[in-house]
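If you want the building blocks of each chain, they are given just below.
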Amino acid sequence: MTVTYSSTVANATFFGFHRLLLKWRGSIYKLLYREFIVFASLYTAISVLYRFFLTGSQKRYFEKLSIYCDKYAEQIPVTFVLGFYVTLVVNRWWNQFVNLPWPDRLMFLISSTIHGRDEHGRLLRRTLMRYVNLTSLLIFRSVSTAVYKRFPTMDHVVEAGFMTAEERKLFEHLKSPHLKYWIPFVWFGNLVAKARKEGRIQDSVDLQTLLNEMNKYRSWCSLLFGYDWVGVPLVYTQVVTLAVYTFFFACLIGRQFLDPCQEYVGHDLDLYIPVFTLLQFFFYAGWLKVAEQLINPFGEDDDDFEINWCIDRNLQVSLLAVDEMHMNLPQMRKDIYLD
Amino acid sequence: MTVTYSSTVANATFFGFHRLLLKWRGSIYKLLYREFIVFASLYTAISVLYRFFLTGSQKRYFEKLSIYCDKYAEQIPVTFVLGFYVTLVVNRWWNQFVNLPWPDRLMFLISSTIHGRDEHGRLLRRTLMRYVNLTSLLIFRSVSTAVYKRFPTMDHVVEAGFMTAEERKLFEHLKSPHLKYWIPFVWFGNLVAKARKEGRIQDSVDLQTLLNEMNKYRSWCSLLFGYDWVGVPLVYTQVVTLAVYTFFFACLIGRQFLDPCQEYVGHDLDLYIPVFTLLQFFFYAGWLKVAEQLINPFGEDDDDFEINWCIDRNLQVSLLAVDEMHMNLPQMRKDIYLD
Amino acid sequence: MTVTYSSTVANATFFGFHRLLLKWRGSIYKLLYREFIVFASLYTAISVLYRFFLTGSQKRYFEKLSIYCDKYAEQIPVTFVLGFYVTLVVNRWWNQFVNLPWPDRLMFLISSTIHGRDEHGRLLRRTLMRYVNLTSLLIFRSVSTAVYKRFPTMDHVVEAGFMTAEERKLFEHLKSPHLKYWIPFVWFGNLVAKARKEGRIQDSVDLQTLLNEMNKYRSWCSLLFGYDWVGVPLVYTQVVTLAVYTFFFACLIGRQFLDPCQEYVGHDLDLYIPVFTLLQFFFYAGWLKVAEQLINPFGEDDDDFEINWCIDRNLQVSLLAVDEMHMNLPQMRKDIYLD
Amino acid sequence: MTVTYSSTVANATFFGFHRLLLKWRGSIYKLLYREFIVFASLYTAISVLYRFFLTGSQKRYFEKLSIYCDKYAEQIPVTFVLGFYVTLVVNRWWNQFVNLPWPDRLMFLISSTIHGRDEHGRLLRRTLMRYVNLTSLLIFRSVSTAVYKRFPTMDHVVEAGFMTAEERKLFEHLKSPHLKYWIPFVWFGNLVAKARKEGRIQDSVDLQTLLNEMNKYRSWCSLLFGYDWVGVPLVYTQVVTLAVYTFFFACLIGRQFLDPCQEYVGHDLDLYIPVFTLLQFFFYAGWLKVAEQLINPFGEDDDDFEINWCIDRNLQVSLLAVDEMHMNLPQMRKDIYLD
Amino acid sequence: MTVTYSSTVANATFFGFHRLLLKWRGSIYKLLYREFIVFASLYTAISVLYRFFLTGSQKRYFEKLSIYCDKYAEQIPVTFVLGFYVTLVVNRWWNQFVNLPWPDRLMFLISSTIHGRDEHGRLLRRTLMRYVNLTSLLIFRSVSTAVYKRFPTMDHVVEAGFMTAEERKLFEHLKSPHLKYWIPFVWFGNLVAKARKEGRIQDSVDLQTLLNEMNKYRSWCSLLFGYDWVGVPLVYTQVVTLAVYTFFFACLIGRQFLDPCQEYVGHDLDLYIPVFTLLQFFFYAGWLKVAEQLINPFGEDDDDFEINWCIDRNLQVSLLAVDEMHMNLPQMRKDIYLD
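Going down the list, the sequences are from chains A, B, C, D and E. If you read the first sequence in numbering that gives the first Met the number 0, its first letter stands for residue 0, the second for the next number, and so on. If you read the second sequence in numbering that gives the first Met the number 0, its first letter stands for residue 0, the second for the next number, and so on. If you read the third sequence in numbering that gives the first Met the number 0, its first letter stands for residue 0, the second for the next number, and so on. If you read the fourth sequence in numbering that gives the first Met the number 0, its first letter stands for residue 0, the second for the next number, and so on. If you read the fifth sequence in numbering that gives the first Met the number 0, its first letter stands for residue 0, the second for the next number, and so on.
Since the hints were made in silico from the structure, they are not lab data. Be careful, since some hints might not be right.
[What the hints assert, rightly or not] The following residues of chain C were derived to be distant from chain E, with all beta-carbon distances above 10 Å: (1) Tyr60; (2) Trp101; (3) Ser141; (4) Val156; (5) Gly160; (6) Leu173; (7) Glu197; (8) Leu268; (9) Gly285.
[Said to hold, decoys possible] Derived SDA-like pairs: lysine to any residue, alpha-carbon spacing no greater than 25 Å straight-line: (10) A:Lys179 / D:Arg332; (11) C:Lys179 / B:Ile335; (12) C:Lys168 / B:Arg312; (13) A:Lys333 / B:Phe150; (14) B:Lys193 / B:Gly120; (15) D:Lys196 / E:His119; (16) C:Lys193 / B:Asp103; (17) A:Lys168 / A:Leu178; (18) B:Lys193 / C:Asn211; (19) D:Lys196 / D:His177; (20) B:Lys63 / A:Tyr49.
[Stated by the list, open to error] Okay, the calculated beta carbon distance ranges per label pair: (21) B:Leu21 / D:Val274: 49 to 57 Å; (22) D:Val274 / A:Ala44: 14 to 22 Å; (23) A:Gln330 / C:Glu171: 32 to 40 Å; (24) B:Leu21 / D:Phe35: 55 to 63 Å; (25) A:Gln261 / B:Leu48: 46 to 54 Å; (26) A:Asn90 / C:Ile36: 44 to 52 Å; (27) A:Asn90 / E:Arg91: 15 to 23 Å; (28) B:Leu21 / E:Gln74: 49 to 57 Å.
Don't be surprised by glycine CBs; every beta carbon is placed ideally from N, CA and C.
Please build the complete structure, drawing on both the sequences and the hints.
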């Protein structure tokens, strides 16, 4: 589920963001504590090795190695590589959110332009609405692992009421080597065309508005599919990961506290705990985690989109709007400002 | 309320922006003076400790610590992290402003295409306009703390004239475990469909323009809701906050003036007041405050959007446009350029 | 007026941009020469003070201070802060230009779809066109200081022929505590609806195209208003200004030529004139001036938009298109490629 | 074929991205191993030369040269140049993907609005759909080398069933010195206009929706063509390539391990294998490879778009939708939620 | 003409981009060789002066000056300034390309919705198409120097067949102090309105599609005009140019090889030819040239858009589509997949 904290920061207050540092759910600590333990253990192991097990000349060699690593650690452009990469990933992530298909626009049009409060009219509107929800469900199944777990086969789709047994038969009867999420979409088109002929839709203008809106809905669906199909190029992700991992590897050796007696420049002090290196671990590993979380927002991370919740909400709300609420209006009364 | 200063800088003049440095409302000083006092006090405390309470060898140890901290303070990539993060937050903030729902487009269409100056026509147009305003009000209630304070319950919504008692009854009668801001939106659709049947709307083209416009309005509303629901990922905000706070923590120790007699490089001078470090505090903390202010623009900061004012303006103006101004035109006269 | 130089750089030639360095109108020199004089004078004053008035020990103290300032001047991240900030301002500036309301699209539709070459038809088209121009004029008045100077009261608007006396009376009769720029916009809607009833507009499709186009026009207007109302957050501007000013303040002391005899590192040479510091002043102050010029493009800077010219052009051209040119077509003749 | 790895990273887990480092297909290793071997060999050759073949004074000279190269290697702004350039290329690449023409929107409209289940109706819908697919095929042929290999002449297009022999004759009969991909597009327009006259399309509203949708389709096609025709300016690509190559050239000499006995600063250690330089090679060359792969996404790289697959899918699916599925609907039945 | 190299880099291959380094047309070398010669000559002149003409003490002074210049050369933020500036220019350049007006969408609609294969129908469609092409021609004349050279007066426009003599007379008869490119655009509107009345256009829906499409076309035209009229602010261009030129000026002195005997830090080696400085010249001057080429893409550079070619193509193709191809369809035949 998405971690919402905007109300915590509604107003800019005294050290406003510090409260966010104390959250656990969806936080940097929850995401990183395991990596942090590994990193700290390795650092400690090397430190112990250096302090207690190495002989004098080995120590001298290790010290040179450490200075060498430290010098190169600073040359690795982690900040920029991460900056450009995370910007790319965040943009893709937000675009995916903005393009989630919501059936509200269609349920509004169907409720207003497909006439008839009789049984046939009700069935017509409900069936159309089901096709809309079915189209997006089929896409979600191939995009989101969470949804796929819930609907592993078409049986589950039928059971959940998104499809009737007859529809399923016809669906499977249509032979195509390709994905078939567009089938209920074509059914939708033909069904409204039929409704137009039967006079349930008054006018071609109404018909075309419905068709255009459904086309928009399908475009959202296929855009989601596109984001899943064509991700950030693997090479780019590898370049970034490699840069960050190399940096931490260099830090493990290069950020050791060396014997102050040897008087190396910048090594006058032995603090035992490398506070700033550990904090740097948090920035950079945390920044990379941002990318890791967002690169596929349809998983089960704390910050991923709650698609299963959306699917339920959409079906329930849209059937309510086109059936129970169809032409079921409150009486018009004067508002309080009408003289 | 938004702080507007564009007229102050209409023309680029002699040291044009310096005037902005002297403003108080919405200024960096107003936002930061408390944090600044805390930072300066801590700095002074450490300075006093170092100068008067530490023994000689403690001083030597502190000096090494200070140099160590200073070295790492410079390595923390505050500038870039803030640059990328603030760019993201500013973009989101502006998009939220651009997507604020204004009913002007709808009031224009309703005033022009729903006919009849009789009582029923007036009531019809006013009711439709109320539904429009009600839809956005329900969204604003869940997005903005300021609006929620003003309308804590549906009673307040009814009292303020956005809903009649009957509408409220039907609203509460509809059972759904989900948010119900879309209900007046569906009412709108059904009511215009009814008006079309009654002949108040002449043509399906007119009807569809109204429906499309209302759909656009709802999309703005739900986009606002989306921005509130799915914020900047918490981890990202934490990474940035951690980087800035670590930097200031490192500065508290690392930017102390060390005893010039010890002849540390770059410590020839004891100025007592670390002018540049204090200014750096203003840049970086100020830059972070920009993010803090904008990350939720619906609070009560000096720079937040004045939603309560918008709500009043929209209701007043839109009722005026669809009722009093409907077919109430000035006489056509020759303009002065007509020969 | 906008400074156009694109024809100067149509082709990339030998040291192509150097020609631009010699322009005066709208140039960096014109904008900065006063600040430059102040900066150079202060620098000289400090230099003279150091060279001729300070005693030996004061000089030593000043030298240490200078080295201290120089070190921190380099740490101020002016480049990045300016880079991110100017990018933001330039984007806003261009969006404002792109969203300037031009009546050409509306005059095209009005000229084609509102029929009748008789007096009433002419008056109808001209009145509609005037409402269009009036809507944008009312917005420009509250956005642009130059336009406000030209039309300080509604009297001036009436005199300039944008409004008739009758319209003004009705305009002022409508009571609203809010801005009233939307009133001619609602008149437009009602007037075309009336024209549709009178048969001057043949079809609802034509009517709706006009209404939609006018809605688009109003959205441009209100977007302009939005840019004026909600500017770049004051804190951001203050952070940037503070960074740049601090940098120059640090340079005044830190970039002095110190006595080469004292053998400070990097101070072997006394050139008297700090060429590179003065050039840096031009880059950074110039870059900030870019922001200062563009942050409000409706002032009277050399590079600001010429709104008063637009207002005149739009009225003249649009009346011509809807009146004189209405159904006044050249005879159709064979073109030269028709066999 | 595109390399999809999003399911691997659906959830952010313990060292989540490390799994990606072990992939081979589409990976940085597969793309770079040849360049890496060349780079490592050259480095080794120079190293061997320095260690075993140079005389004492030649060694001293080489050491100075190496230090000189190292100093300048650090000054080359590879990171920024690559950051800005790759951002540009990635944006273009994604826009090309988003603008790939899919016929789904058109097949939906054709299936719903062109009536008649008789032979003529079927032929009409199939022919229209073929024109749609033909338009994009002609564009793909001139954009993608892979498609061009498959359809080197118009004969192959006819054979593959995208065109009939008659259509080909007319196509070649039309004389134009320019590309002719727009011809089936104009046929489409005229054929639907004819269908409207014959009453197969009920209404001008339906007709215009089809025409608008086809116009959209053509715009996607021509945008793809535009991306191919006007690429990233050659000079920009050369600047970036030059910067990266110069950097590696400087590294070959400047990153050699110099004799520790000579006591050059930062050369206390002889590790033989320059681990960090080799890793830097992977970052920077890998980052450049990202650009190289994406700058033309219609080739045959691991990460390029599978256009030939798209062409087949589109034809198969769209004929199915407009013919077999036309008015072939499942029986409407009550859904399980209908009381 | 645009330099197309995308097919060269269709696949990412062994040192893929190196091939691009060897191109001449549109290359960095062609654009920069003159500047390079000037730079290298000045560098050589200063070098000769220092080595052979200066006396001992002058040499010492020059050496200090050189070190001073070198220090400041490194402080000039050329990379960032160029990065931000070139990003801005490249975006504007691409937007101009994307907004080039192509008449294909209009010719498609005119060919399909304006009926009649008789003489009058043909003339009508051809005349409309001419007005479309004329509108963009008039814009191109004021935007592109190449087009202006080809059509210096309206006589040339008439001669080239874009206008008849009668149209020209009416065009010049209309008095306006402003640009008149919108006149054929208004004619188009009135002519289709007339065609609608004569029944050549069947329906208001068809009419409105034509009017909307023409409005879109005009918006592209006026956007091009806008890009030409309001360029990148002069001050910004000057800031960037100044930064780059200052950098090279500082390099001329600061990057001289100083006498190794003087043992200045980093001056142990005298290579005579400053390889890296010359390469830096290529990066930075090349990067600036990217901007110089793209800032006005309507000139006659190797990489500029071929507008004159577009004008010819558009007229030829669009007349073909609306006249010869109107209702001239291939016979419908079964495709090979139809059972």
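Evaluation of the provided hints:
1. Taking the minimum C-beta to C-beta distance to chain E, about 24 Å, the non-interface status of Tyr60 of chain C holds against the 10 Å cut.
2. Once the 10 Å rule is applied to beta carbons, Trp101 of chain C is inconsistent with being away from chain E; the minimum gap is 7 Å.
3. Listed as outside the interface, Ser141 of chain C is consistent with that label: its C-beta sits roughly 22 Å from the nearest C-beta of chain E, beyond the 10 Å cut-off.
4. No Cβ of chain E comes within 10 Å of the Cβ of Val156 of chain C; the nearest lies about 22 Å off, and the non-interface call holds.
5. Every CB of chain E is more than 10 Å from the CB of Gly160 of chain C (nearest about 17 Å), matching its label as outside the interface.
6. The Cβ of Leu173 of chain C lies farther than 10 Å from every Cβ of chain E, with a closest approach of about 32 Å, so its non-interface assignment holds.
7. No beta-carbon of chain E is positioned within 10 Å of the beta-carbon of Glu197 of chain C; the least distance is around 17 Å.
8. With a cut of 10 Å on Cβ distances, Leu268 of chain C falls inside the contact zone with chain E, its closest approach being about 4 Å.
9. Here Gly285 of chain C does not stay apart from chain E, with its beta-carbon only about 4 Å from theirs, under the 10 Å limit.
10. Pair hint Lys179 of chain A plus Arg332 of chain D holds up; C-alpha atoms about 22 Å apart against a cutoff of 25 Å.
11. For the given pair, Lys179 of chain C sits about 23 Å from Ile335 of chain B by alpha-carbon distance, which is consistent with the 25 Å threshold.
12. For the hint linking Lys168 of chain C to Arg312 of chain B, the alpha-carbon distance of about 22 Å falls within 25 Å, and the restraint holds.
13. For the suggested pair Lys333 of chain A and Phe150 of chain B, the alpha carbons sit about 21 Å apart, so the restraint of at most 25 Å is met.
14. A distance of roughly 12 Å separates the Cα atoms of Lys193 of chain B and Gly120 of chain B; the hinted pair therefore holds under the 25 Å criterion.
15. Restraint check for Lys196 of chain D and His119 of chain E: satisfied, since their Cα atoms lie roughly 20 Å apart, inside the 25 Å limit.
16. Under the criterion of a C-alpha separation no larger than 25 Å, the hint pairing Lys193 of chain C with Asp103 of chain B is consistent with the structure, at around 20 Å.
17. A hinted pair counts as satisfied when its Cα atoms are at most 25 Å apart, and Lys168 of chain A with Leu178 of chain A qualifies at roughly 16 Å.
18. For the hint pairing Lys193 of chain B with Asn211 of chain C, the CA-to-CA distance comes to about 23 Å; that is within 25 Å, so the pair holds.
19. For the hint pairing Lys196 of chain D with His177 of chain D, the CA-to-CA distance comes to about 32 Å; that exceeds 25 Å, so the pair is violated.
20. For the given pair, Lys63 of chain B sits about 22 Å from Tyr49 of chain A by alpha-carbon distance, which is consistent with the 25 Å threshold.
21. In this structure, Leu21 of chain B and Val274 of chain D meet the distance hint of 49 to 57 Å, their C-beta atoms being roughly 55 Å apart.
22. Between Val274 of chain D and Ala44 of chain A the beta carbon distance is about 20 Å. The supplied range of 14 to 22 Å therefore holds.
23. About 38 Å separates the C-beta atoms of Gln330 of chain A and Glu171 of chain C, a value consistent with the hinted range of 32 to 40 Å.
24. The beta-carbon spacing between Leu21 of chain B and Phe35 of chain D, approximately 59 Å, falls within the hinted interval of 55 to 63 Å.
25. For Gln261 of chain A and Leu48 of chain B, the Cβ-Cβ distance of about 30 Å falls outside the hinted range of 46 to 54 Å, so the restraint is violated.
26. Between Asn90 of chain A and Ile36 of chain C the beta carbons are some 45 Å apart, a value that agrees with the proposed interval 44 to 52 Å.
27. Separated by about 20 Å at the C-beta atoms, Asn90 of chain A and Arg91 of chain E satisfy the suggested range of 15 to 23 Å.
28. Distance hint check for Leu21 of chain B and Gln74 of chain E: the Cβ-Cβ separation is about 31 Å, which falls outside the suggested range of 49 to 57 Å.
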